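2 protein chains.
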Amino acid sequence: MKNYVVPVLLMSAMGGSGAALADLPGDVDAYRAQHESEIVDQFAAFVSQKSVAANPEGVAATAHYLEGELKARGFEVKEFTGAPGVAPAVFGYLKVPKAKRTVVYYAHYDGQPVTPSQWSSDPFTPTLRAGASLKDESIDWHQHTPPFDPEWRLYGRATGDDKATIQAFLIAFDALKSLKRSPSVNVKVLWEGEEEAGSTHLATYLREHRDILKTDLWLIGDGPVHQSRKPQVYFGARGVIGVDVTLYGPNHALHDGHYGNWVPNPATEAANLIAAMRDDEGRILIPGFYDDVRAVTETEQLALNAMPPVDADLKREFGLGRTEGGQSWLTSLMRPALNVRGIRSGQVGDAAANAIPVDAEVSIDFRLVPNETPDRVRDLFEGFLKSKGYTLSSHPPDAEARLAHPKIAYLKWEEGYPALRSDMSSPAAKAVIAAANSGARQSVLVAPSLGGSVPLYMFDQLYHVPIVGIPIANHDDNQHAANENLRLKNLWDGIDTYASLLAELNW
Amino acid sequence: MKNYVVPVLLMSAMGGSGAALADLPGDVDAYRAQHESEIVDQFAAFVSQKSVAANPEGVAATAHYLEGELKARGFEVKEFTGAPGVAPAVFGYLKVPKAKRTVVYYAHYDGQPVTPSQWSSDPFTPTLRAGASLKDESIDWHQHTPPFDPEWRLYGRATGDDKATIQAFLIAFDALKSLKRSPSVNVKVLWEGEEEAGSTHLATYLREHRDILKTDLWLIGDGPVHQSRKPQVYFGARGVIGVDVTLYGPNHALHDGHYGNWVPNPATEAANLIAAMRDDEGRILIPGFYDDVRAVTETEQLALNAMPPVDADLKREFGLGRTEGGQSWLTSLMRPALNVRGIRSGQVGDAAANAIPVDAEVSIDFRLVPNETPDRVRDLFEGFLKSKGYTLSSHPPDAEARLAHPKIAYLKWEEGYPALRSDMSSPAAKAVIAAANSGARQSVLVAPSLGGSVPLYMFDQLYHVPIVGIPIANHDDNQHAANENLRLKNLWDGIDTYASLLAELNW
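So the protein sequences, as listed, match chains D and E. Each residue of the first sequence is one higher than the one before, counting from 1 in my numbering. Each residue of the second sequence is one higher than the one before, counting from 508 in my numbering.
Only chain D is shown next, with the shape it has when bound in the complex (with noise of 0.2 Å):
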């Protein structure tokens, strides 16, 4: 395989105490090849707990189950909870004597909803399976002899998103503790219940347990490694802000023949107004839309050109005949997007009949990038649809209000937040890429961002320290969708990559 540069700026903090702990990743992973099996049994274990917001009991117990596995590691155990019926938050701290650090893990243990029918086996009974292929027979570990294929994948609803790190922390633990390493700073976690729901009650534990979260330095445990397979660590993530826009036709449908090129057609105005905000290249043409977008950094830069390049592989793997905007794949998440998440419009193939559709529905993402802020993207759309004729309402107008408007469009708003690009140049950064490089026995990839979003912005803005995203599920694990999966590579990876940050993170 190809060796990539290393900014120099990176190179500068691999030094640092790693090194005298050369043997450690040898050493955890010796102890995981004696115990593959268990560490499978404990992950579809967890992966068992149906930990899905349409499930308030799962996921109560879910926080139950993970409080016993920190308390039987020696954590003082505390749950955060908004109010009856709202999922926890599992707080756990383990204080390290002499350690003059103390390192915060988020990671949720939520996963998306299911839809059971669309999956190949049951999304919260763990099914091993030898690779991506759904017709793969299921296998049974038990019956094999470690060292397991690294290609095989366990099946199961937040496999990778974030079960996985949690697991590979609590394995990382046991392998310490086995090797008799004891952490080198002060250890929190905060596992939240409801992220996927969009963490409703996050920013409110964040304000009101500062004092017990207090912390140096928050890593992320959640999102993809690189689309290389390499592990990486991430300094930012994108905002969001969605918003759901309708639009009016006539009240009821009606022949085309007789009324089409009179009476307006929704359909072709959704069409018009998506035109107008954003070419075929992803380029948005919502006046003043880039004015807030600050220019990637040289450190930003240099990072982003250490990256493996995949884009020909990326391609490939999604069938692409082009790519938009003319940038590479990892340029192109340095800036804003605006996503259409679907249009539904009257009815196509063979359900179409020959009328004009009474509305039009148009599902809109955008995602940020520093110094953006959802209100000021709310306020640009808002001001753009007013630009051109449309009288917005923040509820389905009725019959009188969409006759006395010629265009009146409906939106409905979901919470948003904006984007965070942590310093990467920070000692505790610099600590951390270290560690994480030590524990992968190689430079680990440093993104400047995520093209995805995390909110954090909220530990940014509340704790004012360093913030770095330590992924470990593969990027082709289906998370947000069925048949959601970890390959067990990417989970020896992070027991690796967790033993190091638990062990050897100095600063």
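Be a bit skeptical, because a hint or two may be false.
The calculated lysine to aspartate or glutamate pairs, modelled on DMTMM-like cross-linking and capped at a C-alpha distance of 25 Å, are [stated by the list, open to error]:
1) E:Lys895 / E:Asp787
2) E:Lys893 / D:Asp280
3) D:Lys95 / D:Asp216
4) D:Lys50 / E:Asp857
5) D:Lys412 / E:Asp857
6) E:Lys895 / D:Glu281
I should point out that these hints are in silico values taken from the structure, not numbers from a laboratory. On a predicted model such as this, the values are computed, not experimentally measured, just so you know.
With chain D's structure known, arrange chain E on it following the hints.
Relative to chain D, chain E alone:
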């Protein structure tokens, strides 16, 4: 009610032989008033026949039923069939001693498909209600003494489209018989059973049975009366051609945070394509699209000028805050239209995921005017897509094809046909207007064209005789939708009109 000026051209058609028989409508009304209950019985019996394409036995039984009705009235009857299982067309012939002219009455006895769950009462259990409100209780007309309230409506599939014209024809015939009046011309009928399924075999029947269908005039019993509820005749219809377009994104839905901005979004591509083809005023932007459109003639313009203005009423009825195109409703129907019948891509509302959709499907129909042809429209549309960089495919492209082409569009064309506008000033045309005026006891409205499509071109191409449409149905009859209905007043008026056409048509 306001009086509308009838153009001079059309006034000249109002003398004729109708004057000598000025009492006929009164006599027909008297007959109908005595038989309202039986007439509704007969209409209900006809509507209860399950003549929809999904029910071939129902269609065949309906043809058989109609043959019985014709035989009972002295017609020679013949069934035209394309192939086993194909819906038959019913042909009937009544030779009238000394008649010098022959007229064929065309209508279709099949109805649009039904989705019973969307209906307030079973589509084949004819239900009488007090008006257009679906909340009204059903009325048992046997419990009422005529005259019935003419605003009552009979609900059932095909009531308006086209069973009403067939029923009016049959009742008019009965009325004339009781009045001892003979038809003034030889009468033929051609009642088709697969119009709503595309009239697949109509052209074949017209060609193969040209000898027995030989005629001096086609009268078309399809379409609605004018929106003002005034009776009308029409001399043309727009043509139509439909196409379903599918555009492609990634081969599986992708997280739009991680890939949005780089992986092409088919929803926005569809929007950009539609916007490039059609503006918010209905103007078609495909280069050369209007080249084949012939201007509205002076005769057509005079007829349009004589139509009562209903734009304000329609705007209110349909709940519109604006109209497209800046022209009156009727004038706008003299232009071609690009109608988007539907768009579907990804998900909207609560079902929306932060994902780039895998494809986008757009259903379009074009309404054509003279002298456009479906072939030419197809060429223009395909040329336009190619100019936008699309490779066109007549089947869903495979993975290899999607990889090989930056943009690929799968086009599924429907069969189309051109528009027709028949000569409004032929002797036959004038005679039809005169008879219709006599039956309606007022000047009927004379429309150069319907906005909707009827394959009049077929009759024109093969017979080269005048073609006039004689509709009956109320415009608000929900044809092509659930809860189709016919307003009794429209049936009563239709009986008057058909009686005059049968007895008084003369040129």
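How the hints compare with the structure:
1. E:Lys895 / E:Asp787: holds, 20 Å
2. E:Lys893 / D:Asp280: Holds: Lys893 (chain E) and Asp280 (chain D) sit about 15 Å apart, inside 25 Å.
3. D:Lys95 / D:Asp216: holds, 14 Å
4. D:Lys50 / E:Asp857: With a Cα-Cα distance of about 22 Å, the restraint between Lys50 (chain D) and Asp857 (chain E) holds, given a limit of 25 Å.
5. D:Lys412 / E:Asp857: holds, 11 Å
6. E:Lys895 / D:Glu281: holds, 13 Å
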